[in-house]
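Could you slot chains C, H and S onto chain B? The hints should help.
Protein chains: 4
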Amino acid sequence: MEKIKIGIVGATGYAGAELVRLLLNHPNAEITAVSSISFEGQNIADIYPNLKKVCEMTLGNTELMPDCCDVIFAALPSGLSEELALQCAGKCVIIDLGADFRLHDQGTYEKWYGKNYKSPELHTKSVYSLPELYREQTKNCDVIGNPGCYPTSVALGMMPALRSGCVSTDGIIVDSKSGVTGAGRSLTQGTHYPDTNEAFAAYKAGAHRHTPEIEQTLSDIAGKNVKITFVPHLLPVNRGIESTIYARLIKDITLAELHEIYEKAYENEYFVRVEPMNKYANIKNVRCSNFCDISLHLDTHTNTLIISSCIDNMVKGAAGQAIQNMNIRFSLPETTGLTDVPPAF
Amino acid sequence: MEKIKIGIVGATGYAGAELVRLLLNHPNAEITAVSSISFEGQNIADIYPNLKKVCEMTLGNTELMPDCCDVIFAALPSGLSEELALQCAGKCVIIDLGADFRLHDQGTYEKWYGKNYKSPELHTKSVYSLPELYREQTKNCDVIGNPGCYPTSVALGMMPALRSGCVSTDGIIVDSKSGVTGAGRSLTQGTHYPDTNEAFAAYKAGAHRHTPEIEQTLSDIAGKNVKITFVPHLLPVNRGIESTIYARLIKDITLAELHEIYEKAYENEYFVRVEPMNKYANIKNVRCSNFCDISLHLDTHTNTLIISSCIDNMVKGAAGQAIQNMNIRFSLPETTGLTDVPPAF
Amino acid sequence: MEKIKIGIVGATGYAGAELVRLLLNHPNAEITAVSSISFEGQNIADIYPNLKKVCEMTLGNTELMPDCCDVIFAALPSGLSEELALQCAGKCVIIDLGADFRLHDQGTYEKWYGKNYKSPELHTKSVYSLPELYREQTKNCDVIGNPGCYPTSVALGMMPALRSGCVSTDGIIVDSKSGVTGAGRSLTQGTHYPDTNEAFAAYKAGAHRHTPEIEQTLSDIAGKNVKITFVPHLLPVNRGIESTIYARLIKDITLAELHEIYEKAYENEYFVRVEPMNKYANIKNVRCSNFCDISLHLDTHTNTLIISSCIDNMVKGAAGQAIQNMNIRFSLPETTGLTDVPPAF
Amino acid sequence: MEKIKIGIVGATGYAGAELVRLLLNHPNAEITAVSSISFEGQNIADIYPNLKKVCEMTLGNTELMPDCCDVIFAALPSGLSEELALQCAGKCVIIDLGADFRLHDQGTYEKWYGKNYKSPELHTKSVYSLPELYREQTKNCDVIGNPGCYPTSVALGMMPALRSGCVSTDGIIVDSKSGVTGAGRSLTQGTHYPDTNEAFAAYKAGAHRHTPEIEQTLSDIAGKNVKITFVPHLLPVNRGIESTIYARLIKDITLAELHEIYEKAYENEYFVRVEPMNKYANIKNVRCSNFCDISLHLDTHTNTLIISSCIDNMVKGAAGQAIQNMNIRFSLPETTGLTDVPPAF
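Top line first, the protein sequences correspond to chains B, C, H and S. 1 is the number of the first residue of the first sequence in my numbering; add one for each residue after it. 1 is the number of the first residue of the second sequence in my numbering; add one for each residue after it. 1 is the number of the first residue of the third sequence in my numbering; add one for each residue after it. 1 is the number of the first residue of the fourth sequence in my numbering; add one for each residue after it.
The following block holds chain B by itself, in its conformation from the complex:
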């Protein structure tokens, strides 16, 4: 089989660099072009010395990419992918790691991102592709919106509980913690080492842009409007998201029964691992991998289901899931190129 020709737009951002790392070991893909506005003309290994000898491509611009690639991964700030998608139309598949193709409702996008869709029609042809939920639609779609990191952890964590009807759709609380790569490569005081190390705080409480994306998916699963309270925190580690989700039980059910519902829901999903009872999901066990680890706990005295859902924000939360989507779109086994074993330490 001929290799899929890959273009990576925004290859020097963290998501872009992670795509490079993972795709270099993908047996059916070949990186054809990498682009960067900030570093155009430079060797990518000068920006990321980990790539020395492994990938020494020159960073270019995006102009010719749609003509020479089978798929373009766009790792861009929100608002810039729509135009790129138009350029790709009829030429190649685009997988957008930004937010432009995540929200179905244009009004919601406008409210949270302060921009509107320039080509609403394009959005009707796109899919929000969280594979474990929507892979059927992805198979034939050329404009693929890759989910956000927090929403991935929450949707996978909540899906079986919501589907089962065991939990109330009211009053769901999502308390998430993300490693610092989630904030990107750009320099900020809040991610300056001495400000971040030995520190911990919430941010954008009740006001993070991933809120409507989470609600969109949970509502779709539940078949009715779901609102959540979402508070992210900055965690002094490089990688990983842990979301602790609180949902009120509305059925008389034991933890063992809930556990079985989860195991069954994910029995055919390679990338979702349900922890044994009494074990806790930990970001360290999914590091550098495309796994989502989920553990379930029950507070019987308040009748609250507690779900801990862990992913690597750069892999299942970004680049890995994007490759999983590419695999689906190009009819490859979903795990192709994504079988690295998470290091234990």
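Hints should not be assumed to be uniformly reliable.
For chains that are exact copies, the list does not tell them apart, and a pair is met inside one copy or across any two.
The calculated lysine to any residue pairs, modelled on SDA-like cross-linking and capped at a C-alpha distance of 25 Å, are [said to hold, decoys possible]: (1) Lys111 <-> Met277; (2) Lys111 <-> His208; (3) Lys115 <-> Asn278; (4) Lys204 <-> Met277; (5) Lys125 <-> His26; (6) Lys279 <-> Gly60; (7) Lys204 <-> Thr302; (8) Lys264 <-> Cys166; (9) Lys279 <-> Cys55; (10) Lys279 <-> Gly41; (11) Lys53 <-> Glu267; (12) Lys204 <-> Leu249; (13) Lys264 <-> Asp67; (14) Lys5 <-> Pro27; (15) Lys3 <-> Thr339.
Read the hints as simulated data drawn from the structure, not as lab findings. The model shown is predicted, which means the values in this text are computed figures rather than measured ones.
Just chains C, H and S now, kept in the frame of chain B:
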């Protein structure tokens, strides 16, 4: 004024070592005796080389302490302080940093700690001394139960909201994160550096022993039975607890009004700092200090009050608060010896 | 081609767990058996939850391994591999990640390890296999001593300079820093998180067991007796060794010329990357990979060559190099199964 | 006694912020004015929320400082303090934490800093004040150059050995490691959290500006010209410098005898602690304190003395030592305001 003579029982545990650090700079106190079962006969500076030249006392046992001390700080595993308190009776004050004098209800203690009170009468004479709530009772009490670390962060974070009647006492969620010193000095696989570093997970979800202590205080504040859902997490930093608390609003009130309620509630409390609106409490700003920083946030679309409460688990969460209690008991200004400025980095 | 059947002895130590991680993605190898004294009978994924769904083998003992494996990796404390090697004789290859087959001179082994060789003859048939130096001997050898982590970083860092005759063999200083996994999985106070985090110190200055191993290799390269001063330090990161090596120049030579000597020396060595002039080797660029990154610097005012050599102590310093040795022994391309790209963050 | 009136120029840099932290607890000093070019007009507690309620001064400019202060601490980039010193002349004492008053030789300053002295006369009246070496000169001096962080660790580490004549002045190697606060508050890619965390590398090998300062002091101690090889490294912790120093023994002397020389040399120096034999200096034991911990080790097989010297780069390496200098200049006990006990964790 003569200096208060101090005995520290369990001086080589983390809480004990922190008491030594803080009391060495207390202008009205003098460490008279330090004890340790594991290291009896050794120089404390051999165990804690940070104390070299500063405190080179020999670790002894507790036998003679009640006779030569004005106050004994007990930093012991739960279940061991009760007997020590009996030995102190009529001789000196005891401030217990363990759990033996925290729970008013014996049945609750038995349920969570698997032991019963040997001398129930002693407990009727003791006080659970979170100064900002109960300092009046502390002034004349000789058996002082020092609050737990998580409960301190939660009680101070919730007090003004609960008192104001603005929030529901149902469905309160407490999602807490603690630095690794909270797990103590004893070696465990879970606190081995390569297992803890770059890791994050919940533990004892809905089953942590601090749950009944938190509920006891919140119930007392609210004047009715309050149940909470409490999930602690292990945070890869040395010090600090951040508790994110979620409570449903039941009154029509703005964030600015809530903020004013908090500022007013704590206007005379030196150790509690309410963050300006739109700022977030961060464990780094309270490190090595007795401060509790609180920030308030409102999710208007779910009508949920979000409170972030930060303390240093070893100071306001243990040794510092114990010294604050000593100051109260010995009629000193509460801030005596506790004015170290938290380092910014 | 049939897959090589692998046995891993000591699979639950850090080196063993890293072997499992890497070998699971080796296209020509198959893990046949894993053993552990401490955890015999348990599922390895219960000890290392990162392996869940990926490798759920039961930990056994070593008894039958030589009969069912083509190669056994021994990740054992020093002194235990010799007997195992005897059991393997004539049955399978043994690659020892411990110290038993590193020192040619029995007297040196006795001096530093406090034991003597029980079967000296076995040692004459073994090879100390640092592939970049000794791969020819490895090709036909059945008892392969895998180099230590520090020695690997130093030998690769020094080889071209020593061979060129540019530096004095007197007065070489090696200042090394190792991540905490180098201390192993066993619990010690010195690797307890709050003791290790935000800490840094030297240990075993001038007295580390890797000293004779380093000297043995450097002497072999130089063709005369070389003594070094070696001081290791514990670095608060999980993985990585950086060795800064100081050697006095004895020829009139520029940095550019030295740089060329290094580039030439390693032009056919995939796993050794010489940094461009004015760049610094950094442990982060080799993390989770089998690379050794080397940078060269010249202090002209003291005529001192400064070499910074970085490896991942668990990969090129242990499991990765062991697999590289297996590849050599079984006539596979050396990079087989070792092409993972180091993550940038 | 009236309090010393303090002005801090550059109060929002890390050294400035540390001066604020320490001076707030100095019993004989009072911060009268704080200045900042970047944040003029703002409350310092808005920049450093750790100062909330503790110090809420408005950041001003330096114009009136010399008229209203007894001493000005200048925490400025190199080249800016000379002019300020001229403005202070005859009005107040200036203690410069930058490099402008460290090098006696103007040519050396020009070579390393690319500028020349505008007022060479001023420099003849200044003192390079490392108290343990030069305190007599500081007592009556109004222009005090505060030593650099690395040079402090090295000078204190080497002084007794050099004075004793036991070590060669040739071939001294200094391998130093510094926490990230040493790089300052300004944002750089190299101090962005995901680039710094889990990373380690050398920088400016043989080319750091502290080299001539170290050599100046060692030469002064030795009474002859001393050249060193100096390589700093960036350590992923907030605070602390560890310098491992290698010097060849030229006398027949035991480690015990060397240890005694060190203990004697520092017996009256409160801030220097010589570790017991066989213990290692560790940055964690001096954190947030003005201590310098020194341990001695001997590599007998190469006849090399190994000295490990640890300070907190922000305290003994900057703000603390500056206050120690102020105490000397104003005839206070040197330890005044500097008795905080380093936290063990």
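Status of each hint after checking the structure:
1. Lys111 <-> Met277: between (41 Å within a copy, 23 Å between copies)
2. Lys111 <-> His208: within (12 Å within a copy, 40 Å between copies)
3. Lys115 <-> Asn278: between (45 Å within a copy, 24 Å between copies)
4. Lys204 <-> Met277: between (33 Å within a copy, 12 Å between copies)
5. Lys125 <-> His26: Cα proximity of lysine 125 and histidine 26: none, with 28 Å in one copy and 41 Å across.
6. Lys279 <-> Gly60: between (47 Å within a copy, 24 Å between copies)
7. Lys204 <-> Thr302: For lysine 204 and threonine 302, the Cα distance is within 25 Å only across copies (15 Å; inside one copy 28 Å).
8. Lys264 <-> Cys166: This pair counts as within: shortest intra-copy Cα distance 15 Å, inter-copy 42 Å.
9. Lys279 <-> Cys55: Between copies only: 18 Å across, 40 Å inside.
10. Lys279 <-> Gly41: Result: close only across copies, 19 Å inter versus 49 Å intra.
11. Lys53 <-> Glu267: between (40 Å within a copy, 11 Å between copies)
12. Lys204 <-> Leu249: between (28 Å within a copy, 19 Å between copies)
13. Lys264 <-> Asp67: Neither: 43 Å inside a chain and 40 Å across chains, both beyond 25 Å.
14. Lys5 <-> Pro27: Both: 12 Å inside a chain and 24 Å across chains, each within 25 Å.
15. Lys3 <-> Thr339: For lysine 3 and threonine 339, the Cα distance is within 25 Å both inside one copy (18 Å) and across copies (18 Å).
The structure shown violates the earlier hints numbered 5, 13.
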